[in-house]
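> Residue-level listing of the chains:
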Amino acid sequence: MALAPSIDWSPVRISLETSVTATAITLVTGLAAAAWRQRRSGPATALVDGICLLPLVLPPTVVGFFLLLLFGRNGPLGKLLLRLGATIVFSWPATVIAAAVVAFPLMYLTARAALEQVDPRFLEAARTLGANEWRVFREVALPLAWPGVLAGTILSFARALGEFGATLMLAGDIPGRTATIPIAIYFAVETDDMRSAIAWCGADVVISLILLGGLYYWTHAQGPARWARR
Amino acid sequence: MPIEVHIEKKLADFTLEVAFSGGDEPLGVLGPSGAGKTMLLRCIAGLERPDRGRMVLGNKTLLDTERGVRVPARQRRVGLLFQHYALLPHRTVGENVGFGLNDLPRAERERRVRILLERAHASGLESRFAREISGGEQQRVALARALAIEPEALLLDEPLSALDTHLRSQMEAQLQETFLAYLRPSLLVTHNIEEAYRLSKRLLVLSRGRVVAHGPRDEVFRRPPSKEVARLTGCKNFSRARTISENLVEAIDWGCRLRVEQMISRRAAHVGIRAHLIDFAESSSGGRAEENVFPCWLVRSSETPFRITLYLRLNKPPDESGHYDLQAEVFKEKWERFRVRPLPWHARLSPESLFIMPE
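As you go down the protein sequences, you meet chains A and B in turn. Residue numbering for the first sequence is 1 to 230, as defined by the numbering used here. Residue numbering for the second sequence is 1001 to 1359, as defined by the numbering used here.
Take the hints with a grain of salt, since some may be wrong.
[Unchecked claim] Here are the computed distance ranges between Cβ atoms for each label pair:
id, chain 1, residue 1, chain 2, residue 2, range
1, B, L1011, A, D49, 27 to 35 Å
2, B, S1033, A, G50, 19 to 27 Å
3, B, K1010, A, V57, 33 to 41 Å
4, A, R39, B, S1134, 31 to 39 Å
[Stated by the list, open to error] Over the 10 Å line for every Cβ pair with chain A, so calculated as not near, a few chain B residues:
id, residue
5, G1046
6, G1100
7, N1102
8, I1115
9, R1266
10, E1291
11, E1329
12, S1353
Just so you know, these hints were derived from the structure itself, not from any lab. For clarity, every value in this text was computed on a predicted model and none was experimentally measured. We put the CB at the ideal spot given by N, CA and C, even for glycine.
Whenever a hint applies, use it, and build me the whole structure from the sequences.
Below you can see the structure in the form of structure tokens.
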């Protein structure tokens, strides 16, 4: 990079890799949870709702602390993974886990709202025409809820990109491995490396602008208007 | 193919409790809004879960709560035409009609879709989206889609209610055509009395979740079993009645004695006559001497393009209360002929037009 040979661009790469992976995980799990939730009601769903939304209301450091307890050397999941020869804490997967957990509620909430907006008669019509529930979801509910689901995906991506607290707790600051843009910026400012901090902030602004553009495009141009040719 | 339905389902303000059986002829389901008509269709289609009941279509048991049988909607092969069609907005017309044929190879599916659309008088719309076609076209496409799965029964929920008058009669003709070509049990839900009569040979009248009449349409219309059914089938004139002999009643509210053709087997509660069956005696000289003829005065009238409704008071001139006893409906040509005659006119409530509703 001729522009700034001394700047380490690895946080940008790590942040993008982490956010993309975390968003993909969130998209699948959030949609599955929303679809599951939509077909049920009762006290069990309230509990599930509470657990799903907890990461949204808890401070990220608290979420990170819980994750540390869960995935740490003595945590239930940590022990299990250790037996399989994997350590999560202070590794790249830890950045993904932290980002995914924190972004999950946004995906879950928007996907649920989008699915609830779909007129149930369309789903019923598909059922009377012989479609099983998977086909009803894939070919009717999901395409009709798609603009909302996409908005949720973009929000989740933005949240994953900005994740700091939980990531720091679980993944730490290992340059070239777990140092995402927000974490790298924090430690750059602490060590008075303003050039790097400004460069990484600039990268974040560019990515965010692209995201906002995408959000606008997907929710407007790709709304229901696309089902007419005029 | 016989259909047998017996279901019970508790709803918010009443229990839907319907039992009937039928064959391949269309059955008109009539009733006021909120009587449970749509719910009945949804139960048959498998979109709602009745609390108790049994449903058999042909030799297939769709529901038997006692044996724990409940065939899901997708396996029932019951075609349902939704009130507002429910065409999938993100799919083209061709994809909508072919939705239920997805296990066929593409070429065969497209061929079938073409034939179905042709039969539904909606050729050439394959590549359009639902929002790009008119209401009448949407209706045709929805019908083609429901028929695509070769359903064992066809359920139509207010199929004509969203169309304007001209399209209505066109679509009605098309439904007639469909019923003739498609000999399977069909249920047509409507609150339009004339539509129900024209499109179905048999009628089922629902009120607050219960069957209040079921039978051949002429029987239901000519001899409604209760005041409620009479009203639901469009009758406007009722009077409380007291039985005098087996074919003579006293109409309490109208203040007259009426001979009726119908044999009064049980104690009569009400006597009724349809507005268009009230006749007017040509000459006033016969007067009271003639049977079932009574002097009447015009209270007010209201016009439609071809008919006029006359609000009449029997036996007495009208007072300022505007009270009337009977509503008569006559064609305007006839009205033009006798409107010039001096009051009182003479209304004839002929014995064969009157019907008795038991308690």
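> Go through the numbered hints given earlier and state which of them the structure violates, listing their numbers in rising order.
2, 5, 6 and 7
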